[in-house]
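J.: Sequence:
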Amino acid sequence: MITLKIVWKFFFAQISLILISLLTIGFYLGYSLKNYYVNQISSQLTTNAILVRNMIDKDVVEGGVDSVDAVAKRIGNETHSRITIIDREGTVIGDSEKDPRKMENHIDRPEIRDALTGMYGKSIRYSETLDIEMIYLAIPMTDNGKINRVIRISLSLDHVNERITHIYKIIGWGTLLAILISLGIGFLFAKRMSRPITQMTRVARKISEGNFSERIRANSTDEIGDLARSFNSMSIELQKRIKSLSKEIGEKQAILSGMIEGVIAADSDQRIILFNTAAETMFNVSSRKALGRFYWEVIRHSGFNAVFQEVLDTGNPKTEEITLQYEGEKILHVQAAAITDEKKEHLAVVAVFHDITEIRRLERVRKEFVANVTHELRTPLTSIKGFVETLRDGAINDPENSLKFLNIIATHTDRLNQLLSDLLELSQIESGRTEMNLEPINIMDVINRVVSVFADTVHQRKQSITIDIQEDFPFVLVDEEKVEIVLINLLDNAVKYTPDNGEITVSAFDKGNNVQIEVSDTGMGIPDAELPRIFERFYRVDKARSRELGGTGLGLSIVKHIVDAHGGTVHAESEMGKGTRIIFTLLKSME
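For any residue, its number in my numbering is found by taking its place in the sequence shown, counting from 1, and adding 4.
FYI, nobody ran anything at the bench for these hints, they're computed from the structure.
Everything numeric in this text was worked out from a predicted model, so none of it was measured.
Among the hints, erroneous ones may be present.
[As the list claims (entries may be wrong)] Result set (DSS-like, lysine-lysine): computed pairs, CA atoms no more than 25 Å apart in a straight line:
hint, residue 1, residue 2
1, K195, K210
2, K486, K515
3, K38, K126
4, K210, K247
5, K592, K500
6, K466, K486
7, K126, K102
8, K466, K500
9, K77, K126
10, K38, K173
11, K371, K334
12, K592, K515
13, K150, K173
14, K102, K77
15, K251, K210
16, K486, K592
17, K322, K334
18, K77, K106
[Unchecked claim] Distance windows between CB atoms, simulated:
hint, residue 1, residue 2, range
19, R233, I189, 25 to 33 Å
20, K244, R537, 57 to 65 Å
21, N421, F479, 33 to 41 Å
22, K251, R364, 33 to 41 Å
23, H170, R105, 34 to 42 Å
24, I29, K106, 43 to 51 Å
25, L442, Q464, 32 to 40 Å
26, R364, K244, 46 to 54 Å
27, T28, I128, 22 to 30 Å
Beta carbons are placed, not taken as given, at the ideal position from N, Cα and C, and that holds for glycine.
Build the full structure now, drawing on both the sequences and the hints.
T.: What follows is the structure, encoded as structure tokens:
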């Protein structure tokens, strides 16, 4: 679609008015002039008709009716007009240009009918006889007060039409000249009138693009000048408000982005209008994909959707705890509230999500820890108390049984002592009170020393321990005593859970800035579902067998905390029936 600029709209509007005005004036002037000429001719014809009537009356009296035609021709020739005499019956008895005997009856001519009634008849019409436009004027002739004849004088309007045509030409040329002059003046005027509006359009477009530096030049003092100045003031004020709003929005966005709580807001149409960074992480959805979509389309969870819908429907705040299964279990505490306007209508709902998964996990771990510690302490204490009571009740006098009971008491005491030592060691590492004495050491020496500790047990069970480390293996930057504890715990587990004639391998690999150490065995293996939890305190895959083998359930937890304190990582790989491999990394010494 073609769009006209405002300058052309002004221009065409002005030119249209000028054209209409000039054409109206031209037609009116031509019409008025024609009427003026016709009236002048009518007045002249009336005068001539009266003179002819007087002359014809005398001739008729003196010469009779036959002389009328000759008189008509003579007078018509002298006056350069056509003179026709008609009797009362409409018969032409004389005509200055035609033979009256060949002319038709004129009784039906309007000017003749008017003259026969005693009036002056006038008519303008096209003459088929002469093939030109004529003006006719007829006056009655009386004889003794009785109308018996009509004198009609007619004159061609060709010269009048020629004059009118000439006038129209003059008017046309004048109009064309006026139009050409008006075109120039109108264009300049339209351009001048439209310049402020064009500037406003350009500045408004710049403002919509975020550029507020443009201003409109307002030189006139009329309404357009006032509008331009008001537009400039509006632009300045709008710039200030946008800056203020941008600052406020930026601050709120920074606050929302920095919040660890997820924040989601949805309008009354159930479409998401706010989705902060924490919410993106919680629900694994980017804000770009979430904004503008229905909340139940983005987060497909019945509990979440029910909270939002209830708040939107009732306007009452709602608190709920929901569990999500996005990349593992997530437990969220939701607080939702409605946003209302002055009329208490619900405009939107805002929900704040607190990820309490870790809190719930720690609560579970704490409960399990208390239960495990209680159980681990109760079992040996119960046994010790039972054997002490047995000895006190008289068994002490039985040398053979009393010695057996005392050995059992000593075994449970050692177990309690080991449990308390492990708990103290773990507590110190977790609290950060244990200082790490980091120094470059040859990890091969530590491994050989630890392996020698289990030599007798390995020999008794016909197991084999293989050390796979290259001779020029780099030094590691560690606390030697703590790393020795790590290796003792790992080898202790490997020996315990590897059947007789099994194989245990200790390997080390150079991995750039780190070294990777692996302890693998050919034991029974660990189920995949249990692997993520084996580094938790007191967690045992086979609880009955672990206690039977004398484990406290804290070994792998101590390993993890010591490796973490060294800035390394530890994880386990296992396959049921084929064995387990524990892999941890340590920093390489740069010396």
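J.: Hint by hint, note whether the structure agrees.
T.: Checked hints:
1. K195 with K210: Cα-Cα ~21 Å, so holds.
2. K486 with K515: holds, 21 Å
3. K38 with K126: Between K38 and K126 the Cα gap is close to 16 Å, so the pair holds against 25 Å.
4. K210 with K247: Holds, at roughly 16 Å.
5. K592 with K500: The hint is violated at about 30 Å.
6. K466 with K486: violated, 29 Å
7. K126 with K102: It holds: about 21 Å lies between the C-alpha atoms, which stays within 25 Å.
8. K466 with K500: holds, 13 Å
9. K77 with K126: This hinted pair holds, its Cα atoms lying about 21 Å apart.
10. K38 with K173: Within the cut-off at roughly 14 Å; holds.
11. K371 with K334: holds, 19 Å
12. K592 with K515: holds, 9 Å
13. K150 with K173: violated, 49 Å
14. K102 with K77: OK: K102 and K77 at ~9 Å, within 25 Å.
15. K251 with K210: Given that 25 Å is the threshold and the Cα spacing comes to 21 Å, the pair holds.
16. K486 with K592: holds, 16 Å
17. K322 with K334: Roughly 20 Å between the alpha carbons, so the hint for K322 and K334 holds.
18. K77 with K106: Given pair K77, K106 holds - Cα atoms ~15 Å apart, limit 25 Å.
19. R233 with I189: 25 to 33 Å: Check passed, 27 Å falls within 25 to 33 Å.
20. K244 with R537: 57 to 65 Å: With a Cβ separation near 59 Å, K244 and R537 satisfy 57 to 65 Å, so the hint holds.
21. N421 with F479: 33 to 41 Å: For N421 and F479 the Cβ distance comes to about 35 Å; the hint holds.
22. K251 with R364: 33 to 41 Å: Because 39 Å falls inside the window, the suggested range holds.
23. H170 with R105: 34 to 42 Å: Roughly 40 Å apart at Cβ, these two residues keep to the hinted range, so it holds.
24. I29 with K106: 43 to 51 Å: The hint (43 to 51 Å, Cβ to Cβ) holds, given that I29 and K106 are roughly 47 Å apart.
25. L442 with Q464: 32 to 40 Å: holds, 37 Å
26. R364 with K244: 46 to 54 Å: The hinted range 46 to 54 Å holds for R364 and K244, with Cβ atoms some 49 Å apart.
27. T28 with I128: 22 to 30 Å: Hint holds: Cβ distance 24 Å, inside 22 to 30 Å.
When held up to the earlier numbered hints, the structure conflicts with 5, 6 and 13 and fits the remainder.
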